[in-house]
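Turn these sequences into a full structure, and let the hints steer you where they fit.
Listed here are the chains, written in short residue letters.
Number of protein chains: 2
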Amino acid sequence: MTEPEPRVLPEATLTRLTQYLRALNAFEAQGTERTSSGVLAKEAGVNPAILRKDLSLLGSYGTRGVGYVVTELAEHINRTLGLTKDWRVAILGAGNLGRALSGYAGFASRGFKVRAILDTSTNLIGSGVGDLVVEPIGTLGEVIRREQINIAVLAVPGEAAQELIDALAAHGVKSVLSFAPRPLRIPAGMIVRRVDLSTELQILAYHAVQS
Amino acid sequence: MTEPEPRVLPEATLTRLTQYLRALNAFEAQGTERTSSGVLAKEAGVNPAILRKDLSLLGSYGTRGVGYVVTELAEHINRTLGLTKDWRVAILGAGNLGRALSGYAGFASRGFKVRAILDTSTNLIGSGVGDLVVEPIGTLGEVIRREQINIAVLAVPGEAAQELIDALAAHGVKSVLSFAPRPLRIPAGMIVRRVDLSTELQILAYHAVQS
DNA sequence: AAGTGTGAACTTTTTCACAGCT
DNA sequence: AGCTGTGAAAAAGTTCACACTT
Numbered sequence: 001m002t003e004p005e006p007r008v009l010p011e012a013t014l015t016r017l018t019q020y021l022r023a024l025n026a027f028e029a030q031g032t033e034r035t036s037s038g039v040l041a042k043e044a045g046v047n048p049a050i051l052r053k054d055l056s057l058l059g060s061y062g063t064r065g066v067g068y069v070v071t072e073l074a075e076h077i078n079r080t081l082g083l084t085k086d087w088r089v090a091i092l093g094a095g096n097l098g099r100a101l102s103g104y105a106g107f108a109s110r111g112f113k114v115r116a117i118l119d120t121s122t123n124l125i126g127s128g129v130g131d132l133v134v135e136p137i138g139t140l141g142e143v144i145r146r147e148q149i150n151i152a153v154l155a156v157p158g159e160a161a162q163e164l165i166d167a168l169a170a171h172g173v174k175s176v177l178s179f180a181p182r183p184l185r186i187p188a189g190m191i192v193r194r195v196d197l198s199t200e201l202q203i204l205a206y207h208a209v210q211s
Numbered sequence: 001m002t003e004p005e006p007r008v009l010p011e012a013t014l015t016r017l018t019q020y021l022r023a024l025n026a027f028e029a030q031g032t033e034r035t036s037s038g039v040l041a042k043e044a045g046v047n048p049a050i051l052r053k054d055l056s057l058l059g060s061y062g063t064r065g066v067g068y069v070v071t072e073l074a075e076h077i078n079r080t081l082g083l084t085k086d087w088r089v090a091i092l093g094a095g096n097l098g099r100a101l102s103g104y105a106g107f108a109s110r111g112f113k114v115r116a117i118l119d120t121s122t123n124l125i126g127s128g129v130g131d132l133v134v135e136p137i138g139t140l141g142e143v144i145r146r147e148q149i150n151i152a153v154l155a156v157p158g159e160a161a162q163e164l165i166d167a168l169a170a171h172g173v174k175s176v177l178s179f180a181p182r183p184l185r186i187p188a189g190m191i192v193r194r195v196d197l198s199t200e201l202q203i204l205a206y207h208a209v210q211s
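Going down the list, the sequences are from chains P and S. Counting from 1, position 24 in the first sequence corresponds to residue 24 in the UniProt record's numbering; the numbering is continuous, with no gaps. Counting from 1, position 36 in the second sequence corresponds to residue 36 in the UniProt record's numbering; the numbering is continuous, with no gaps.
Quick caveat, the hints were computed from the structure, so don't treat them as lab data. A few of these clues could be false.
Because identical chains share one entry, a pair is satisfied inside a single copy or across any pair of copies.
[Unchecked claim] Using 16 Å as the maximum straight-line C-alpha spacing, the simulated EDC-like pairs for lysine to aspartate or glutamate come out as follows: (1) K113 <-> E200; (2) K174 <-> E200; (3) K113 <-> D131; (4) K85 <-> E75; (5) K53 <-> E11; (6) K174 <-> E163; (7) K113 <-> E11.
Structure below.
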């Protein structure tokens with residue numbers, strides 16, 4: 001148990017860890033104190049073996065013959081994922097998507113705080129979005145410093161995305177979630193995750209035609 | 001060349017195919033007639049070997065020593081993905097996210113037409129969203145029949161998602177893109193893809209802490 | 001000469017199956 | 001007796017490298 005903890009966890013494992021966490025939170029909410037790989041895996045929709053393998057990558061926190069203590073395991077995954085830190089998010093783009101995201105409940109939970117929303121359009125600048133006011137993209141550097149932004153969400157049209165990624169990098173923001181429908185050149189040291197709605201639909205179309 | 005075409009393409013291949021398609025469309029737009037695995041792979045941000053391997057799964061459409069004809073290859077990928085068919089989309093949930101999605105340009109392109117938007121809230125029912133009017137979820141079956149919906153987008157709170165999936169299944173809609181932040185029990189024959197924003201943020205947090 | 005198509009090697013991820021704790 | 005933790009096996013996915021076609 002002198003941990004094997006690898007430098008970096010596989011992407012697939014990370015995705016599953018967030019699902020385990022969600023299930024564990026549900027268990028906590030309903031007062032369940034202990035669980036097992038079988039029960040938890042079922043709740044998260046995965047196979048128990050991979051769950052145990054995933055958890056073994058973070059070190060061992062279960063008890064053989066017994067299972068896992070819900071709060072302990074949740075706490076441990078939280079720590080591993082960095083969810084004990086405070087995340088301050090700026091949303092770039094105050095169009096429909098940007099505004100929808102700024103109010104998205106999932107963002108508010110787990111220490112992700114939307115602290116700013118920016119746009120280029122003079123129509124939008126100055127207007128209110130929830131309890132924020134849309135600021136000009138030109139003030140990006142200032143906003144990042146003022147609010148100590150450490151995560152940015154890109155909800156702008158494809159054309160604008162690359163230059164904003166570069167600007168974010170220049171201002172020291174290293175983590176970006178992009179909704180721009182195009183591949184981006186990622187500056188060194190930056191982590192960009194993309195959510196691509198048209199890709200999702202196209203893959204659905206393929207499966208739908210199959211059946 | 002009497003095709004090896006597998007019954008079903010790997011998920012990772014599908015994702016890349018949509019990227020190739022996007023790059024090919026850009027080439028078409030700028031009048032480029034031919035390309036090669038090297039050029040196309042660079043544009044799509046992948047390695048040329050996997051690109052050729054992916055394309056070989058759909059049968060061979062290149063010319064050795066020469067490369068690929070842009071329009072031909074695009075057409076071929078389009079056919080494979082089922083993008084020659086007409087896709088009629090209903091959006092379930094007319095909150096911020098649902099409304100943002102209904103106007104999302106990526107949906108309008110490539111034959112995905114948003115034909116209906118539904119909600120439970122009497123505040124929203126009857127209000128306009130783009131050129132659609134929000135209809136009551138209670139009329140789901142009727143709307144699906146009337147508009148011949150074949151893809152649904154779930155933009156509702158987690159609690160409502162499962163029963164809507166079941167209702168969609170009952171009305172013969174087999175393809176769903178879900179934004180609900182929870183795992184769903186998928187009725188037989190249905191394909192559900194999930195986009196989970198809090199999972200994305202949590203994975204970003206992990207990587208941000210790493211560095 | 002150039003660039004595809006593809007077996008073979010390699011790498012990563014998942015699943016199996018069981019030894020080892022409690 | 002029960003359930004974890006984990007090597008070993010299997011499967012899936014990626015990259016290499018080169019024969020083959022134009």
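Unsatisfied constraints (hint numbers, rising):
Of the numbered hints, just 7 does not hold.
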